[in-house]
Amino acid sequence: MKIPEPRGPISAGLLAILAGPPGSDPSAHAGLSQLVQDRLPLVEDLIDDDDIQLALFCLYELHYGGLDGVDERWEWNPGLIGIRQLLEEPFEEALRTAAGLAVPAAEAMSTEQPDSDGVAALLFALAAEDSGPSLSRYVAKKASVEQLREFLIHKSIYQLKEADPHTWAIPRLTGRAKAALVEIQADEYGGGLPDRMHSAMFARTMRGLGLDDRYGGYVDTVPALSLASVNMMSLFGLNRRLRGAIAGHLAIYEMTSSRPNQLYGNGFRRHGFEASVTGYFDEHVEADAVHEQIAGRDLAGGLVEAEPGLLADVLFGATAALAIDARFTLRIMDAWESGRSSLRTALPAAA
Amino acid sequence: MNQETADGSIVVCPDGPLIIRGEFEIVTPSGEPVPRQRKTVALCRCGASAIKPYCDGTHKMIGFRTEFPPDSRQGSTS
Chain Y
26 MKIPEPRGPI
36 SAGLLAILAG
46 PPGSDPSAHA
56 GLSQLVQDRL
66 PLVEDLIDDD
76 DIQLALFCLY
86 ELHYGGLDGV
96 DERWEWNPGL
106 IGIRQLLEEP
116 FEEALRTAAG
126 LAVPAAEAMS
136 TEQPDSDGVA
146 ALLFALAAED
156 SGPSLSRYVA
166 KKASVEQLRE
176 FLIHKSIYQL
186 KEADPHTWAI
196 PRLTGRAKAA
206 LVEIQADEYG
216 GGLPDRMHSA
226 MFARTMRGLG
236 LDDRYGGYVD
246 TVPALSLASV
256 NMMSLFGLNR
266 RLRGAIAGHL
276 AIYEMTSSRP
286 NQLYGNGFRR
296 HGFEASVTGY
306 FDEHVEADAV
316 HEQIAGRDLA
326 GGLVEAEPGL
336 LADVLFGATA
346 ALAIDARFTL
356 RIMDAWESGR
366 SSLRTALPAA
376 A
Chain R
7 MNQETADGSI
17 VVCPDGPLII
27 RGEFEIVTPS
37 GEPVPRQRKT
47 VALCRCGASA
57 IKPYCDGTHK
67 MIGFRTEFPP
77 DSRQGSTS
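Sequence order for the protein chains is Y and R. Residue numbering for the first sequence follows our numbering, starting at 26 and increasing by one per position. Residue numbering for the second sequence follows our numbering, starting at 7 and increasing by one per position.
This list has only true hints and no planted wrong ones.
Cross-link-like lysine-lysine pairs, in silico, DSS-like; alpha carbons within 27 Å at most: (1) K166(Y) <-> K66(R); (2) K45(R) <-> K58(R); (3) K166(Y) <-> K180(Y); (4) K167(Y) <-> K180(Y); (5) K203(Y) <-> K45(R); (6) K180(Y) <-> K66(R); (7) K58(R) <-> K166(Y); (8) K167(Y) <-> K66(R).
Anything over 12 Å on all C-beta distances counts as not near chain R; from chain Y, calculated: (9) G56; (10) L67; (11) R265; (12) R266; (13) E362; (14) S367; (15) A371.
Partner residues are not named here, just some residues of chain Y that face chain R (Cβ under 7 Å, in silico): (16) D212; (17) S283; (18) R284; (19) V310; (20) E311; (21) A314; (22) V315; (23) Q318.
It should be emphasised that the hints constitute simulated quantities derived from the structure, not laboratory data. C-beta: ideal position from N, C-alpha, C; glycine also.
Full structure from sequences and hints, please.
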């Protein structure tokens, strides 16, 4: 993706390092590392911190499609991995706090020893409890075309690489859980048909509203919270020790998807958009009704049966996803209901 | 999933749809194929789906309940 604009000293320092080849300036790492350690104690809300979330996003991006013009050897550079870990540790802590506040009951659940059906039941119960204002109802009934564009822009940060963060977990799983994840991901990736890849279907929806469908095209436009929700997935997916969390994350995403996607589709239909635009949402109504069963029972349930100690992290991944999503919804609805844009910067005029 | 499965399987999901895996066709009463986008499908069991024969998750909103069939291989507790 294109190099984003820095949002503070950490992201600026990181992008400056990435502009050169690895090994050209060893003291630069040490400087950035010190800067991170000096600034972290001053950050009030790490999940909503533009500078830190953008820096994490760029560090993770080295493992996905990369940043335009950046030397690919940076991906496994020990200095940068060290800086990523400095940022990841408090980020994970903040997510655990947010998850605990959002669903205090989840901690008590983690002491039970459910079988796979029991794990699915726990997760379905968490998904059903999810209350609060509904973005999907607003999109269905009230959102203007401009707000639909904003909605797609927020989602584009993840949806243009939809499924990728969960794919990291495949080699970390075995048996039933692995087979389940592969089955879900094969469907996410279009079952062999590139046009049916969910990321490609989302790109089609974006084009239908005159938006730039290049991956990362709107990174500069979205607030920290939109980056944080994707960083959360990368954190869970790229760290093997968090395989329970990425399984729980996928399960809860699937379980909170069918109905909202039906409503999102209705919002676009209300404005006269046709099947090429709504296809993405319609696909998710059907696909996620399949995936939620497999993800809850075979992926998360199968994983907990194989490794009972991971139940707490499965629930953490699920509740963290709910917590961040709820926060994101509040932010976006607050902006829209008071007639403001929910984006960080105005849309480029060319859009 | 069990170690030894038949060529296809139908998973009876508690309070939810039937998940069908393997080789099969979904056809209308006159034998016309029903449009199908994926290999493994979830068929509506509660009757409330808007995309029948497929499941759209509506069973969760109408409080659909099923008796889970007794499992002969392992003691079912739930």
